[in-house]
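Chemist: Here's the letter readout for the chains.
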Amino acid sequence: MPTIFSQYAWIVPLLPLMAFLFVTALGRPSDRTASLSGGVASVTALILSILILMEQLAGSNNEYSTSFTWFKTGSFSLTLGIEVTPLTSLILTVVSLIFFLVQLFSYSYMQNDDRAAVFHGYLSLLAFAMFGLVLSVNLLTLFVGWQLLGVAVMLLTGFWYDKEGVREAVKKIFIMSGIGDAALLLALMMLYWYMPEHTLDFSSIQNVFEGQSTSIALEITTLIAGLLLVGAAAKSGLFPFHIWLRHSAKGPLPAISLIHTVTLVPAGFILIIRTFNIVQAAPLILAVMAWAGAIAALIGAIAAMVQNNLIKLVVYSSASQLGLIFLAIGVHSLEGAVYQFIVHAFANTALFLVIGTLVQGGFGYRQSGQRSLASILVRCVVVISLISLSGLPPFPGFWSIKTILGSALDQQLPLFAAGLAAVMLTTMYSVRFFILLQRQQRGSKAESGANAASDSQSGSARLLQEVFYIEYFFERIAVCMKWLGSVIQKMDRFLFEGTVPRLIKKAARLGRKGWK
Amino acid sequence: MLTGMPILSLIVCTPLIGILVILFMPKDRGSWMRYGALTASLITLILSFILFISYQPERGGVREVKDWLELPWGKSTLQLQYHLGIDGLSLSLLVLTALISFVAVLASFVHIKKRWKAFYSLSLWLETGFLGLLLARDIGLFYLFMELTLVGLFLLIGIWGGERREQSAGSFLFHHGLGSVLLLSAFIMLLAGGSTGVHGSQPAVYSGSYDDLQSHTAGQDTWAAPMLGEPAEDVNPPSGMDEGMKRLIFGLFIAAFFIRLPIVPLHGWLLRLYQQAPPAIIMMVMGGMVQAGFYGILRFGLLLFPEQAADISIIFTVFGLLSLLYGALAALVQDDFRRVLAYASVSQTGIVLLGIAAMNQLGLMGALFTVISLGLISSLLILICGSIAERTGTVRIKDLGGLARLMPYTSGILTAAGLAAISMPGLSGFNGSLLVLLGMFDMMRGVSAVMVAGLLLGFAYMLRAILGITFGPARQPHAALNDARLVEAIPMIVLLAFIILLGLYPSLLTDMVGHSFSNLLSSLNTRIGG
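Note that the protein sequences, when read in sequence, are chains Z and D. Residue numbers are given in my numbering: position 399 of the first sequence equals residue 399, and the series is strictly consecutive. Positions in the second sequence are counted from 1; adding 516 to them yields my numbering.
So here's chain D without its partners, still in its complex pose (with noise of 0.2 Å):
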């Protein structure tokens, strides 16, 4: 079905066509340019699925190069590619993805009351830039697609968001901007440090090539990208940096993707987002910044630095826990449900972080798990949080109540939602946290034990807030309200199957990603030597 066919370079680039459909639109057909957007992310997310139906874990993934340019730099030349690539982590994260992109798309039939031109191609082009920073097999092309995620969520925050949308993309900007500064320079020194080995005749080619980088960092006994096609002869002696610099790379790229994950001591943008931003565009964030984020650490972190990352995993460790206990603490006294949402989200990435400093197979597995349900419940979680905003005006908790009387459908939805967020078998939450638990467990117990208070903490925030929305007398000023209109409940059913579907069925994620983490597991295994 897919031979001939560039499937990754069409996934990448059907947004973009997208956008350009839409800029010849005119200018006051508003539903002309929501189905164009909506038509174009359907179509990413069909082909997503295609390739994930078809990937087979066994055969490896498919790769798509071209040179892109070739820069002098001094004698030698910065060669860049454009390079996409897929492997399991990849394309699970890639579907999903597509699929909140469509969602929030969807989303955004409801919420989104000015401006759409804009709108719809400033959404198209970020989905874009999420799509391609997890193809990239190029750190030029990786960051190129990071930087475009970048301003297209600036100009997102800045224009559509609420009454203080400017602090709050200013507060984004400060960040990310930080998060640039700081993964650009990790490249280039990657880049000029990769290729010091290289004391040949000929000038040295800095090649942006992830495979070649890795083959650079990690020595050459490694799996030196056999589909490349490159003879060993451009594998250079073992390590090509000293431990020094790697550390200090290693570092740079940790800070950088932590600060998009968040963790807590950099998580103000995400609390001001939640505050001012629609709910479409936090569900991107939710379904794109937070994996990029996650994918960065493992891409570019773990896989790049084996071993300077098991040394650090007990930092991974502490910055887990303090961002599981800080953000469910904090979930616990708000009285804005947007907040609480954001707290929760902050909580749940500390479990992410925990599963990734666990370093087995079970701790990986389950921070992927925690991951895309994160995005799944998240998203869906703010979408219910904007369509009783809509409705009654107000997030408070204490001045909501009663809602499961008024708007019935909304509050089973939240309330399954909640479920989810606080890991109850049968929905997607459980499987991630179980994972973790148990992989935690084998490398620190004691670690674990705290996990599971965390999660109880989690109990009584989540328990809280739905409790305080749907119980209770209904509120005299919100008699007359109506539940969900359609456009509102596809989204909703369709992140609550996919919630429910991953819950009771892992098989279908653990299946597909299983070999190739196996694959990335060995690698690391080896080089720590565990």
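Okay, chain Z solo, but in the shape it has when bound (with noise of 0.2 Å):
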């Protein structure tokens, strides 16, 4: 069967710039068309990501791929490109399907918001770096989205600019995930030189590592890994870096429930899955992946648990995904980590539009307060999600989850144990958000100062996020930093402007005065 569609896949990428561009140009003003522009762009998005997803699951060997030379200097060269493989053409599907949802969803959202406009440009922006990011062909194009992904990210984090505390939100995510590019531009860098031709396609890349007889000295092999590892847990907020999470939840809710479910934390994922031969011939980096997985699952179940704030919760329970995704790949699993991938996609959406709709009062819920057959309707997705998350059977989280914990048996039983108690954990914390979610529905008449209360955290809560003070380091550094700038500072003053000028004036004056 020839690819037709997948041909036109560089379209899907272009479709949502387009927008984001047209948007941009009009302005302030032009509400109701240029969100329909986005809308528009991200229908017919989905429409061709599906026909290519058809394409690819029809028959075997169609894959795809075109790039073209962005640069080139004497004999070197970078080149961008898109891939359609059934892996990327089944992610990018499930991508663009849940950005035309949410996407959906804002409009009624956003109504009332006099920047509706600029909103849905952002997340066009948002779309396109994503889009580009799962479709790339080459680690440049990946790192190119990977990027833009933290722009869009911040613009979007930073749109209520001035509400308090998203100042200080937007920069301790901008520059986790700016971590995270600088671990990536050097494993860029290293994959670069010690590639054979200098190709950082991943086809190559695949073939170069595939084998036990690479040409790359192991120690590098391992470095690049490595650096792979830390870009991808920066970027998504694995472990150690996890402490962005909790500061991500200013945004507005439709932007926040993109960047937990199929954006900036699955970039991480995304990473990981197309290099995934570089890590395998690193065992040190795949144990250390698991085992990060495994903690950072856990984590993230025991802070989804204590959390009063809905949205938090679902961010936690997002964070403890991932955590389980890692895990799989740790583990060798790939096919658990993207069936996890798809499972966690869709249940946390889904949680995060109902949190929307019941408690933040959109659609008019809060006002009616009575028991519609679509409020039941909503009830029921979130029951059916939460099981789903929780792995139980009739739904598809079930098989993800036994895929995974199945793996990690064959592994290690330390490791399966862990990942055990996640799943246990996410059960639990299904309940509470279930329960947490009725009484803030209900409470609603009190909802102002509910909410002011639900923000502020219990103890058990504050413990956590200062695990093993990882934010206290961060914050030394930038204390150290500071501290550094200021000497520089002095130091310049004392120089060109304070003393050292003074008396150079002064010898002049002396000067003068002898020769008269």
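Keep in mind that the hints were calculated from the coordinates and are not lab data. Heads up, a few of these hints could be off.
To be verified - Distance condition first, Cα-Cα at most 27 Å in a straight line; then the derived DSS-like pairs of lysine-lysine:
| hint | chain 1 | residue 1 | chain 2 | residue 2 |
| --- | --- | --- | --- | --- |
| 1 | D | LYS543 | D | LYS629 |
| 2 | D | LYS630 | D | LYS543 |
| 3 | Z | LYS172 | Z | LYS513 |
| 4 | D | LYS914 | Z | LYS490 |
| 5 | Z | LYS172 | D | LYS914 |
| 6 | Z | LYS482 | Z | LYS163 |
| 7 | Z | LYS490 | Z | LYS505 |
| 8 | Z | LYS163 | D | LYS543 |
| 9 | Z | LYS482 | D | LYS914 |
| 10 | Z | LYS490 | Z | LYS506 |
Stated by the list, open to error - Distance windows between CB atoms, simulated:
| hint | chain 1 | residue 1 | chain 2 | residue 2 | range |
| --- | --- | --- | --- | --- | --- |
| 11 | Z | SER204 | D | LEU1020 | 23 to 29 Å |
| 12 | Z | LEU218 | D | THR910 | 55 to 61 Å |
| 13 | Z | TYR472 | D | LEU1020 | 39 to 45 Å |
| 14 | D | ILE1006 | Z | LYS513 | 25 to 31 Å |
| 15 | D | SER592 | Z | ARG512 | 47 to 53 Å |
| 16 | D | GLY760 | Z | GLU197 | 39 to 45 Å |
| 17 | Z | THR66 | D | ARG631 | 55 to 61 Å |
| 18 | Z | MET428 | D | GLY909 | 40 to 46 Å |
| 19 | Z | ASN112 | D | LYS543 | 54 to 60 Å |
| 20 | Z | ALA507 | D | THR910 | 32 to 38 Å |
| 21 | Z | GLY498 | D | ALA1013 | 57 to 63 Å |
| 22 | Z | LYS513 | D | GLY760 | 50 to 56 Å |
Claimed, not checked - Only some residues are given here: those of chain Z computed to face chain D with a beta carbon under 10 Å:
| hint | residue |
| --- | --- |
| 23 | ASP113 |
| 24 | VAL118 |
| 25 | TRP146 |
| 26 | VAL166 |
| 27 | LEU188 |
| 28 | ILE488 |
| 29 | ILE504 |
| 30 | LYS506 |
Just so it is clear, the structure is predicted and the values come from calculations on it, not from any experiment. Glycine is no exception: its CB is placed at the ideal position from the N, C-alpha and C atoms.
Assemble the dimeric complex from its two separately framed chains, guided by the hints.
Modeler: Right, here's the structure in full:
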């Protein structure tokens, strides 16, 4: 079967980019048209990606890739491009479906905001970055998408820029994701020099690292894989870098939902799964990844347990799910990882949107308060999502968690135990989520007060944030940098504005007097 | 299109003609002078675009040579030429300088409120200097143009600066005067030393021609100026100078151009300039002086003395890292947005120097890219800073805040410019940094890791400044601010358009420059023995 639609896969990332440029060019006043263009772009992208997926699944060996030389100097060239494989098209379809749904949701959610058009523009930028990242043919393209993702997340989280604390939150998120960028950049440079013929595309990477007889020394491979892991962990909020997660709940809800289910958090997963051969060639890093995933799953689940704020609960739940995904990769269970990603994307998006509907009063539910058919339907969605997350039978979560835990059991018993504990905790916080949801919806009258109260966290939650003093450690570094900066400032003042120029002037005056 | 027209001379002379026209305008017609200066710089810009489009890298550049003056010098004569020439390196910087000068004239519409005649004359004067020194192929001519810019900038800062303009101008003169002295002594030694090999019967001719000098310093096996038409008999014994002399001259050149770039211990003048000068002047400095420093290091440092440069590439690396980290750390704690920008520029010049230190094609191309995007981005940032300062009366980050609500357009452009400055892909800063990193990685692995850390610091200081200005609740005293006027918006959009263009389509630059760079590099490599 010829590849008809796959050839046009490059349109998918371009559509949201066009929407973003269009909205930006129109500016603030044109609410409706601007928002509509984002919607049209995401629908078209969704349809196209479904067609591509069907085509990829229909026949074997339909993979398609295209790239162009971005620029070259002398014998070195850097290329960008896209690649369609069954895996990328599957992820693309999931991502574009959720983008479309969330965009639909945000139409009414953002209805009363006078900058709704700007918001939709930012969403389109996020979609562009993510589609580019998913479809990337080489590490450079992925890196471009990776950095743009950081920008889009910064814009979205800082959307309500005049709210208190947003500035700090955005700064922390952006710098954490900057650490991810830096690590990935280093990995990219190392690969660029150690790969034969300076290629960066994933198929060559696969060829070079797949066999045992790689031309690249084990230490180098371990270093590259380690940098990739650090990059993924910093971007996705995996264990030592999880501190930005709690700052991320400052933006509009649709944005939080997208960030945690299909963009920033899974970006690390996509990076690792595309470069899996490198990681696989470095057993040490693979083991570290499995453990980091297990720890992240546990920490995320425990943190979700003690949250009073529903949004933060789901945020930590996403972090926990991501930990499971990394655990799956670490124990060689790629199918389990992809499966878990899909389960998590749908279930957590549903939870986020439900919070928006029932608690934050989108669609007028809060005002009516009675139990209409729609409200019961929404509750069914919640229950199904929660059961699926908890890995209980008839829903897909069962299969994904079974695969992951099965592979973990084959590898190491402690990993299996940690994974199992995380899944059990998931069940517990699911129950808690449901109870909190009921309570907060009922107490909608005292919403304003309750909201403030739920924001302040219990002591145990605060204790958790300080796990291993990670945040303290980062703050120490920041303070050190600031101290160095102020030393430099003082020195410069002394040299160029203060004492030294004055001395020179004085000497000149003395000299003139002597002359006379 | 260009046949028969002395386009290089036209480019250099157009601003001078503009000055003449402006001088004859009545004194009170400010707007006439504005548009006169704008027209002159626009024509220059268009001419340089034409040159850029019609330039064919394979065929080499255009040259315009005239004998200029001959001075007796002892028994022999000093021969200086009016010699303009162009290659890919000069050309890309030429277009940038013309562009920034044009935008700076536009920007001055808002910010310059007194003595228009003098201001616009001096601005065009400055533009001539910057353009001329990129084209000059004779060291006497180069030095002349360099001095033009020094005088012009000194007066510009001294007259139109802020409260402490005298100090700022003095600091500028001190640094650049020192630079000029170093440069002049290097040139004289080069002239004298370059011809010592001549022991013929006829009196020696000290030629200031760049190609002659290059053949003197470099030995005869190199690219002895095929277009100059001079037969090979003029080429002297392989090394006209001994090693120590070469080192000394090279050191003088490097020191002189480090001041102009500016590299860290010599950056005092830039700080003061940022504090005191109006945006238009800072833009011209960032679009001209920094480029001149970079160009000088390449043209007179690396290309005349490749072996010496290769020997001390470690010094380039050390100073590059020093500037990068020093600037970034200092930018992290500044209260004043202008000072943040000044230190950010210092930090960026560190990247430029690291690219030069890499001494390979990737690194040099990256350095060129960084210089060009530094010119564009820092001009844009200082322009926005000027607009904000004009409205709010302050540039202290603590006193600003919430401008995203009040001035959405300006804030948007500010955010884009800030992202470009911290090298986001799709904007021009990224390509330069990436190339420098890749080039550096080939030479010194550890250094590129440190450089990545420096870039990460850039995230921190730029974000701190921009979020501090745009985010947060709007301040009461600024409640009635207007967004950018059209005359402010146009230069911002022009600059941003070029930043995006170079970011998305870097081949525009790399293809143009690549050829002449690979020529330069092959000569470098053959002589370094790499």
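Chemist: Give a verdict on every hint.
Modeler: Each hint tested on the structure:
1. LYS543(D) to LYS629(D): Measuring from Cα to Cα gives roughly 14 Å; hence the hint holds.
2. LYS630(D) to LYS543(D): It holds: about 11 Å lies between the C-alpha atoms, which stays within 27 Å.
3. LYS172(Z) to LYS513(Z): This hinted pair is violated, its Cα atoms lying about 58 Å apart.
4. LYS914(D) to LYS490(Z): holds, 19 Å
5. LYS172(Z) to LYS914(D): holds, 19 Å
6. LYS482(Z) to LYS163(Z): holds, 26 Å
7. LYS490(Z) to LYS505(Z): holds, 20 Å
8. LYS163(Z) to LYS543(D): violated, 52 Å
9. LYS482(Z) to LYS914(D): Distance of about 16 Å is within 27 Å: holds.
10. LYS490(Z) to LYS506(Z): Measuring from Cα to Cα gives roughly 21 Å; hence the hint holds.
11. SER204(Z) to LEU1020(D): 23 to 29 Å: Given range 23 to 29 Å: holds, Cβ gap about 25 Å.
12. LEU218(Z) to THR910(D): 55 to 61 Å: holds, 57 Å
13. TYR472(Z) to LEU1020(D): 39 to 45 Å: Cβ of TYR472(Z) to Cβ of LEU1020(D): about 42 Å, so the range 39 to 45 Å holds.
14. ILE1006(D) to LYS513(Z): 25 to 31 Å: Since the Cβ atoms of ILE1006(D) and LYS513(Z) sit about 53 Å apart, the hinted range of 25 to 31 Å is violated.
15. SER592(D) to ARG512(Z): 47 to 53 Å: Between SER592(D) and ARG512(Z), where Cβ atoms are some 40 Å apart, the hint is violated.
16. GLY760(D) to GLU197(Z): 39 to 45 Å: Check passed, 43 Å falls within 39 to 45 Å.
17. THR66(Z) to ARG631(D): 55 to 61 Å: holds, 59 Å
18. MET428(Z) to GLY909(D): 40 to 46 Å: violated, 57 Å
19. ASN112(Z) to LYS543(D): 54 to 60 Å: Since ASN112(Z) and LYS543(D) have Cβ atoms about 57 Å apart, the given range 54 to 60 Å holds.
20. ALA507(Z) to THR910(D): 32 to 38 Å: holds, 36 Å
21. GLY498(Z) to ALA1013(D): 57 to 63 Å: violated, 42 Å
22. LYS513(Z) to GLY760(D): 50 to 56 Å: violated, 41 Å
23. ASP113: With a closest approach of 13 Å, the ASP113(Z) hint is violated.
24. VAL118: holds, 8 Å
25. TRP146: holds, 9 Å
26. VAL166: holds, 6 Å
27. LEU188: holds, 9 Å
28. ILE488: Since the shortest Cβ distance to chain D is 4 Å, the answer is holds.
29. ILE504: Holds, because the Cβ-Cβ distance from ILE504(Z) to chain D comes to roughly 8 Å (cut-off 10 Å).
30. LYS506: violated, 14 Å
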